[in-house]
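Trainee: Here is how the chains run, residue by residue.
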Amino acid sequence: MSGTTTVARKKGTGKTLLEPTAKEPARTYQAPRLELPVNPEHDHIEGPVNASLTLVEYGDYQCPYCGAAYPEVKKVQKELGSELRFVFRNFPLTNIHEHAMNAAETAEAAASQGKFWSMHDFLYEHQGTLGDPTIALGFAKKMGLDTQRFEREIAQHTYQKRIKDDFMGGVRSGVNGTPTFYVNGIRHDGDAIAKALVEALGHSK
Amino acid sequence: MLCNVSSFQRSGVSPLKTSLMQHGKRRRMRKLESKSAARNRLRQPLKTKKMVKRVDSVLGPGKTAPNFSLNSTPDQKVSLNDFRGQPVILAFYPADWSPVCTDQLSLYAMVMPEFKKFNAELLAISVDNIWSHLAFVKDRKLNFPVLADFEPKGVVSRKYGAYKEKIGESARALFVIDDKGIIRWSHLSPDGINPGADGILSALENLNKTQVTGKS
Numbered sequence: 001m002s003g004t005t006t007v008a009r010k011k012g013t014g015k016t017l018l019e020p021t022a023k024e025p026a027r028t029y030q031a032p033r034l035e036l037p038v039n040p041e042h043d044h045i046e047g048p049v050n051a052s053l054t055l056v057e058y059g060d061y062q063c064p065y066c067g068a069a070y071p072e073v074k075k076v077q078k079e080l081g082s083e084l085r086f087v088f089r090n091f092p093l094t095n096i097h098e099h100a101m102n103a104a105e106t107a108e109a110a111a112s113q114g115k116f117w118s119m120h121d122f123l124y125e126h127q128g129t130l131g132d133p134t135i136a137l138g139f140a141k142k143m144g145l146d147t148q149r150f151e152r153e154i155a156q157h158t159y160q161k162r163i164k165d166d167f168m169g170g171v172r173s174g175v176n177g178t179p180t181f182y183v184n185g186i187r188h189d190g191d192a193i194a195k196a197l198v199e200a201l202g203h204s205k
Numbered sequence: 001m002l003c004n005v006s007s008f009q010r011s012g013v014s015p016l017k018t019s020l021m022q023h024g025k026r027r028r029m030r031k032l033e034s035k036s037a038a039r040n041r042l043r044q045p046l047k048t049k050k051m052v053k054r055v056d057s058v059l060g061p062g063k064t065a066p067n068f069s070l071n072s073t074p075d076q077k078v079s080l081n082d083f084r085g086q087p088v089i090l091a092f093y094p095a096d097w098s099p100v101c102t103d104q105l106s107l108y109a110m111v112m113p114e115f116k117k118f119n120a121e122l123l124a125i126s127v128d129n130i131w132s133h134l135a136f137v138k139d140r141k142l143n144f145p146v147l148a149d150f151e152p153k154g155v156v157s158r159k160y161g162a163y164k165e166k167i168g169e170s171a172r173a174l175f176v177i178d179d180k181g182i183i184r185w186s187h188l189s190p191d192g193i194n195p196g197a198d199g200i201l202s203a204l205e206n207l208n209k210t211q212v213t214g215k216s
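In the order they appear, the protein sequences are chains Z and B.
Residue numbering for the first sequence is 1 to 205, as defined by our numbering.
Residue numbering for the second sequence is 1 to 216, as defined by our numbering.
Extracted from the complex, chain B is given alone in its bound form (with noise of 0.2 Å):
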């Protein structure tokens, strides 16, 4: 919490003016000055409406799920297209280290052989930084890769429209992605409650007796 909002302030340069000034926007500057301009323009203008396509509501079935390559370790990278082919769960989550006994991903690790059962491999997302998911993976022993939403942060998980902008943390969003990169079920829980596993074993179930009816 510490971190470094009170460095900044006392030096007098926040990295918002550094950019600004790389970008030659001297005038706005000046209109930075008054707060209620800042609020305004600390987001929308320079760095989200450029990459971020708004999304209004968690993806649902029938979408092309939207490619991504985030870090799962410093030197490493996971994209979701390595594993077309195969189907793909994506668990969305708010943080490394939420204060419960046993959190969604540990239950995840438990049930990972049902999963590979569906030959379905499980990527885990949020916006803590590569260095708290390695620690994380570590200690409670997760075998997937969970990966780093991290810079620009969320990005990701505002493309799946599972993002809180308010909190400024990933949603607890679930995707089961088929063979070919189509979204078939989604769910958003609602705050504070983790979803368990079901919705997903339903979901693989689902997708296998699609598939073999062709109804794809």
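Chain Z with its partners taken away, still in its complex shape (with noise of 0.2 Å):
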């Protein structure tokens, strides 16, 4: 390894010769801002519709990355309690997740009929088994939805546009990878666990 790092440096300065030096990118680094602002009538929220802080997600469901951020969100909102409402919006990477979209479309057929956090909470619960749409199906029965139509709607992506809405929406706002949580409408660089994410929401109120 050692002779790998060699470099030439510059006397007396320690710098490398050839190391670019721009400094001002970081200096004044802002995290992109939520362009698309919470919309009770569009998103889905959960917490109360006017509460003091927001946590916007953009995720997918077969992100293995979202799944594991998903308790944490559950113990931020279980710590802010109803001083928090959180959003969730899809972002389905559709080109490395074979099952992502349609996760999501099964997750907002559940939405039409009232059901979609218990749809997104269970689809994050059974990750690994996306692949077989029986067992949401299954899902959707045991909650008593209208399963001919939930099936339907599924097979019809009839809210396929919906969730490319979602995913353009997030593109301009500066999702970059997911999850991407917004905290009170800013980026958060930081980790996706339950410590940053209370430390970020208690900062920015």
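Simulated from the structure, these hints should not be mistaken for lab results.
Predicted, not measured: the structure shown is a model, and the values here were computed from it.
Note that beta-carbon positions come from the ideal geometry of N, C-alpha and C, so glycine has one too.
Each statement offered as a hint is correct.
Derived DEER-like restraints, expressed as beta-carbon distance ranges:
(1) Z:161 - B:210: 30 to 36 Å
(2) Z:186 - B:113: 25 to 31 Å
(3) Z:165 - B:77: 35 to 41 Å
(4) Z:160 - B:95: 31 to 37 Å
(5) Z:48 - B:66: 52 to 58 Å
Calculated pairs, DMTMM-like style, for lysine to aspartate or glutamate (alpha carbon to alpha carbon, straight line, at most 25 Å):
(6) B:153 - B:121
(7) Z:164 - B:198
(8) B:153 - B:82
(9) Z:164 - Z:151
(10) Z:164 - B:205
(11) Z:161 - B:114
(12) B:138 - Z:98
(13) Z:161 - B:205
(14) Z:164 - B:114
(15) Z:164 - B:121
(16) B:117 - Z:165
(17) B:116 - Z:165
(18) B:164 - Z:189
(19) B:117 - Z:35
(20) B:209 - Z:35
(21) Z:164 - B:139
(22) B:141 - Z:98
(23) Z:142 - Z:46
(24) B:180 - B:205
(25) B:116 - Z:35
(26) Z:161 - Z:43
(27) B:116 - Z:98
(28) Z:164 - Z:43
(29) B:141 - Z:132
(30) Z:75 - Z:199
(31) Z:74 - Z:121
(32) B:180 - B:114
(33) B:141 - Z:165
(34) B:116 - B:82
(35) B:164 - B:151
(36) B:77 - B:151
(37) Z:161 - B:198
(38) Z:78 - Z:191
Starting from two chains that each stand alone, build the complex the way the hints lay out.
Mentor: Listed below in structure tokens is the structure:
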């Protein structure tokens, strides 16, 4: 290893000879902001609609990092209680996750019958079985949804436009992967763990 | 990581020494026996100084984008000048196979239809070799050329001020170049922050606006 790290240095300065010295971007760095404000008529919101703190997640149901962030968000919600509203928007990375779009459509189909959050939680708790749509269907049945309508809406891609709109809105807001969180409208570049999220929510109050 | 470091240490003749001999600079070799001299000479006089003009920071708007010609496949080269007449997005990135689920380039592959609305071409560049790139492109289903700034390593990245000398990787830098080959927007991401696509889209929009009003 030591042989690979040798670098020509300018005398006395300790700086490498060819290293770019651009420091401005780091100093003036501002995290991107949420371009589309939370809209209670359109968004899926968990918690009081007028809560003082807002956490927005752009997520993909098949992404393992979103799966890992799911219990962390639950912890944040538990800790902040009614102070927080949590918003979930779709960001399915369909080129690397083959079941992501179908899962997003499943959640949206459940949403049309008022069960978005139950399905959202179910999908994250059963990430390993996303390839088998009968499992989500079984859950929909158990919840008492109109399964005919549910299946038809998924098959006809009724909510695909909505999902794609979520995606493009995310792109314009600087979503750079999943999950991407926005803490009170500003992209959270820290870790997707409860402690960091609670801290960020507290700081930007 | 294993590479060939240990094997050439054993044989005792480094590629560096061989190349010096070829240049007939045997006297300098004696100095190389001392480690500190070796450190100072390693890159400066031999390769880099000749080929690379020093760039202090990422090239900013208004500068002519330096042309380059890099391999996108083992037998295919892509030159910046091939795309004169349409906007080009250059995305320098550190490495193929970075251990995150949703890297920058997968995102760009998904946003490609939006870039195409501006008739823009996207070229991604890193110092990985072409075989790594080919496997990476296939795995992530990337729909744009991924170029190897591999030999001499990082020269194009350096020309754009987008090279991290200590790590030996390209920096995460973005450039939007207009149809005349002028850089119109550039962005250097802070360490570890994936810039997303919003900046590129805004820059492409501004490109169109200024073209209409003739302020180019």
